[in-house]
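The task is simple: from the sequences and hints, build the whole structure.
Numbering (the working numbering), first residue to last: -19 to 266.
It is possible that some hints are incorrect.
Simulated crosslink set (SDA-like; lysine to any residue; CA at most 25 Å straight-line) [stated by the list, open to error]: (1) Lys172 <-> Gly219; (2) Lys197 <-> Met140; (3) Lys187 <-> Val148; (4) Lys172 <-> Lys221.
These aren't lab readings, by the way, just hints derived from the structure by calculation.
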Amino acid sequence: MIVELENERIKMSISTLGAEPQSLKMEGREYLWNGNKEFWFRRAPLLFPSIGPTERDLIWHEKKEYRMSNNGFARDTEFDLVETDGKSAVFRLEDSRKTREENYPFGFSLTVTYTLLDNGYEAKCTIYAKDDLYYQFGWHPAFSLLINGEDCELEDYYVMFSEEEDLVRKYADNGVFRYEAGFVRGKRLDLKRSETDKGAIILDDVKSKSVTLCSTKGPHTVSATLGNMNTFTIWTVSGKKGAYICLEPMTSFGDVKREKEVSLAKENRKLEKGESITYANSFTIS
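Right under this line is the structure:
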């Protein structure tokens, strides 16, 4: 099912599958990636309860193994549409007997709200713990490189951080993290295929409250707020020239060599039974 939202300037469509945005237009200009299967069939998935790969697509809890694919199962699961008024929409995903037995042994509720702004949208997710649980969470929207012209390439873009940064880049190489010190110095990071072909650009301990995708070829931009998350990842498909770039606020990025027992994995956050936490991030366009 596709849910349509619209205000005076913005049109947005969202699928109940994964509560995933499918289109974001301002005054007729499309800002989201089109999901071309030759490069990447997704558009803006939500990542829960795991981010990054797991060894043999498995996690463990109390000596029992569960299937957990790369970036978790929420993105491939139908959400319920709770309500919509045409300018906002609320989606919900609850645990089930199947998820508890096969994928994730915890009771949970995800409530995802998309609200149109004058120049974009706010994405908000509240995680409620029915049991003590361990999780990672993030947004993974892909934005079109063609917003500044059909001939734009990745190298025509750069990312501006709102604060001066000195950031180490990490990326996965055959299941092991590699590190590059001083990858971001200052506020500007020029994008290069030679870097994205290595894999995701994972930046931890980001001080900036927002990041902006800018171009040397035109005026159109995309900004993302980080809210209460301080890991920011930049990604596009390796080895192909897909005309998109992902701007991903997240709690953390896991490694295939991570601790297999979810209660011990340092990447995971914990909620105790009855607790909840909300992640709210704005994605604005110009």
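Evaluated hints:
no.	hint	verdict
1	Lys172 <-> Gly219	holds, 12 Å
2	Lys197 <-> Met140	holds, 15 Å
3	Lys187 <-> Val148	holds, 13 Å
4	Lys172 <-> Lys221	holds, 11 Å
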